[in-house]
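There are 4 protein chains.
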Amino acid sequence: MEKRVRVLIDCNDAKGLVYKISKVFYDRDLNIENNREFVDKEQGKFFMRTVVSGNFEVKELENELTKIIPIDANLRVVEPKRKKIVILVTKESHALGDILIRHEAGELDADIEAVIANHDTLEHLVRRFDIPFFKVSAEGMTREEHENQVMMLIDEQKFDYIVLAKYMRILTFKFVEAYPQKIINIHHSFLPAFIGANPYKQAHKRGVKIIGATAHYVTDDLDEGPIIAQDVIPVNHRLEWKDMQKAGRDVEKIVLSRALNYVLNDRVFVHGNKTIVF
Amino acid sequence: MEKRVRVLIDCNDAKGLVYKISKVFYDRDLNIENNREFVDKEQGKFFMRTVVSGNFEVKELENELTKIIPIDANLRVVEPKRKKIVILVTKESHALGDILIRHEAGELDADIEAVIANHDTLEHLVRRFDIPFFKVSAEGMTREEHENQVMMLIDEQKFDYIVLAKYMRILTFKFVEAYPQKIINIHHSFLPAFIGANPYKQAHKRGVKIIGATAHYVTDDLDEGPIIAQDVIPVNHRLEWKDMQKAGRDVEKIVLSRALNYVLNDRVFVHGNKTIVF
Amino acid sequence: MEKRVRVLIDCNDAKGLVYKISKVFYDRDLNIENNREFVDKEQGKFFMRTVVSGNFEVKELENELTKIIPIDANLRVVEPKRKKIVILVTKESHALGDILIRHEAGELDADIEAVIANHDTLEHLVRRFDIPFFKVSAEGMTREEHENQVMMLIDEQKFDYIVLAKYMRILTFKFVEAYPQKIINIHHSFLPAFIGANPYKQAHKRGVKIIGATAHYVTDDLDEGPIIAQDVIPVNHRLEWKDMQKAGRDVEKIVLSRALNYVLNDRVFVHGNKTIVF
Amino acid sequence: MEKRVRVLIDCNDAKGLVYKISKVFYDRDLNIENNREFVDKEQGKFFMRTVVSGNFEVKELENELTKIIPIDANLRVVEPKRKKIVILVTKESHALGDILIRHEAGELDADIEAVIANHDTLEHLVRRFDIPFFKVSAEGMTREEHENQVMMLIDEQKFDYIVLAKYMRILTFKFVEAYPQKIINIHHSFLPAFIGANPYKQAHKRGVKIIGATAHYVTDDLDEGPIIAQDVIPVNHRLEWKDMQKAGRDVEKIVLSRALNYVLNDRVFVHGNKTIVF
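Protein chains in written order, with UniProt numbering: chain A, 1 to 278; chain B, 1 to 278; chain C, 1 to 278; chain D, 1 to 278.
It is possible that part of the hints are untrue.
[What the hints assert, rightly or not] Derived SDA-like pairs: lysine to any residue, alpha-carbon spacing no greater than 20 angstroms straight-line: (1) C:K135 with C:N148; (2) B:K20 with A:L65; (3) B:K205 with B:R238; (4) B:K41 with C:Q245; (5) D:K205 with A:K91; (6) C:K41 with D:Q43; (7) C:K59 with C:A73; (8) A:K20 with B:A14; (9) C:K20 with C:N63; (10) D:K41 with C:R36; (11) B:K45 with C:A14; (12) B:K45 with A:S53; (13) D:K201 with A:E42; (14) D:K23 with C:A14; (15) C:K158 with B:N261; (16) A:K41 with D:H237; (17) C:K41 with B:A14; (18) A:K201 with D:R143; (19) A:K91 with A:P132.
[Unchecked claim] Far from chain D by the CB rule (all over 10 angstroms, computed), these chain B residues: (20) Q43; (21) N55; (22) E62; (23) N63; (24) I101; (25) V136; (26) T219; (27) W241; (28) I254.
None of these hints come from the bench; they were simulated from the model. Model, not experiment: these values are computed from the prediction. Each residue gets a CB set at the ideal place from its N, CA and C atoms; glycine is no exception.
The whole structure should be built from the sequences, with the hints applied where relevant.
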């Protein structure tokens, strides 16, 4: 049956990979609709993302490819279908709102399964869009107790990715380990500048002339995960830290949505602490 | 003998091109050091730039590739060697100066064969770098007479490209036709805004909040040739047109040098009125 | 009574203006909380925006200032209160959505009185936010008939500004003349490049390496009104025009919201075809 | 005698400062050609830079102003004349070259008194411009011994500012203390990210998507001095650290020259660890 898939390969680099892979496509009479590859020479790693279309069975294509790529290769043959996301928020609406509007417009290749918050500030907004909203207050609980409740809620959903759209709580090792390469965060600074709390206050204090935002996968090292997207805007001495916070919101939401778009379209490879974004 | 070449192919798109081309490389045991390809679906055109290394004869590689690519394909197998350029200027030194400094530092993959000017303002600067300087005054001449002298001078040089580094004269059809895809110009606006004379005055009058610069191949349509690179900087109401001109110089020189770098590294394909820059 | 106002003055430049104006503030023991001024020397025009606070009557302050500024001066003493806007849209939700989310978050210094559209595509979204939505279909009508209906609807609202958040219809002279300096539009190109219809198609065809968006006051010259804000993003040969359109949406919405923020905070002076933005 | 000066005032904020200062200008019939002021409310500090012209004696104007500004105020009345700079470099030519070209074009409001280097790599380039070049090799010396020689050389020059145009040595406390607010450095990262050695290697390792450069006053805290200007460029996974270094050079030179331009035009106030740039 006529179909279109994304073939995603990362493996140790070896001579003839492009030839061997494109031979599989050619022998099966597939169209290459889009093709990007990259070799990290320092690390000796090969990355390839190819969109192919034609008459074929996914399983068979996988088998054919598996035969000719290195034994340690990661191979995914992905049919482009809408993914599912769960969004975690606290009180600020800009990043969440940007995703909601894109979702409503059909511009987000994902269904929003649920929004989970530690405050109820955003409940009204979320309900406007007929999306399930869950509040898990952290009051009177240990961090672990709170997280357990959040994780239970998450695990009840179907999801491909967890999006931290300004979720202002630090995640424990346990949480992060439970969802490897599944958690995407927006940090409100140009990482690695201003790691940790109150980056706008830090930026204001340091007197920087540019502020930024960073979307990254969450790993157990706080604010140290692989960066997916970054952007910046100029500021000057006239901005107090709250003005920077306000100005920064536009960058935060755009960068998060951009990163989310890359991830939902399977355009991101993670290698060590870095990303390859095709 | 061990060598490294850039293989540049553009042709009508066809199934199996990547496979067939990579097979040639694989059969000859060549390393693919860098590979970029692009299919313009609207136009049905295929573009590929691959850096390969290994033991081979350039002529033989060309022959092999010619056999398997479409009959109308443009194929170039280019050994990465320093190219030669001739620079045309008028009075402003920033774009020329940027090239001279890069040249001196060994960061420009080109030798500057000559600088030709219609004024002697920049003679002193050029002579500081021991580079031949020729003044061809336009005074008392028709445009054609002046251009004929300039063209004679150009034709006496060995050159791959002619760089207009703020050459403030309009070229005739005859001049442009003589050097197809050989002339690179920096226009001091974000084209296609402010075509023609005095773009900064035009920009000031229009009250834009951003100004820019555009490096492009020169074709017989004034300021309408294929764009290679563009960049911009913010401006505001405080800048008079002369301030914009001053501020714009930084963008002009960076954009021209960036475009020149692309061209000298054979990273630019021209297709119709557009470029593909790998 | 303790209050805070924005004093907005534009007039022909004259010696001693700053002195005389600041004397009025000083004599009345007012605090200058923020002060910006600008002299356009070419035009001989003086612009000043000062935020003052203290115990005073607005009327009296106006009277005092009127005495000492030139007779042809424009003086406004504005109390910072939420303004009212009417939004016109067609089918695209990104610019409207951005305003709705800011409005919901209390970050927009305005109440949205109504959204008027020539299609019902966005009705559902607007109703989610409990904001009045009016559809005025243009089908089977002349341009004038349609506009008359829209104008009647607008005139029934209380409003300070009309925001064209991707309203894809050309306005007649009559419409524009009816609301001088009241209509703010987002044009989906870096004006003055790509005036008119389908700027992304134009941009794609021209092969630009940067696309942009422009927020401007609407005057009777199509896409020629005073520019309030502009921004850009890089593009490359990989983007088809529809990809440019998609990528451009982020710039469009941010630029419109930024411009709107300036206008709502009385930070914009219009002079001829230009703006001074403090 | 008709003259034009820059009046620079910073002091604790107080009511009536603008009034009192503008009164001095008005009473003496001076033209205000340009006026910028800023109040840092958090710190309670007032900053003002006014360009005035007319018939007056500088000394008298200073006296008049001194009478009406707070006793702790810093007042400077500066006649706009070319300043003098000494440039320190190591081996890279881009930042130095950019300054040399601007200097040659008459676009730098400064005379270059000398270039001092710890290597002779750039001697040839500097001599091309007929500017004194001094090499002070650090070989076989302690840091202190080397610095003493450099300081002796500096002190033999007339200079207003010392420009570190990619001077790759760490300065001692003694050196920095000797020239307070006189040393301007370009750091090859977007500070405070990647403080210290090899910022491009650090940036590459961290996998950032944007790199930048920072021009700042040098204080005894390494890379922690007041920031004057910053800018950035996008990068991606394709760039190895040496490519980042190469790409970063354009930002470095532009940012340094921009900062230098601000400083030479007396547009920068330093307050604590921050700058106000008018």
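May I ask which of the numbered hints given earlier this structure violates, with the numbers listed in increasing order?
5, 6, 11, 15, 17, 18, 24 and 28
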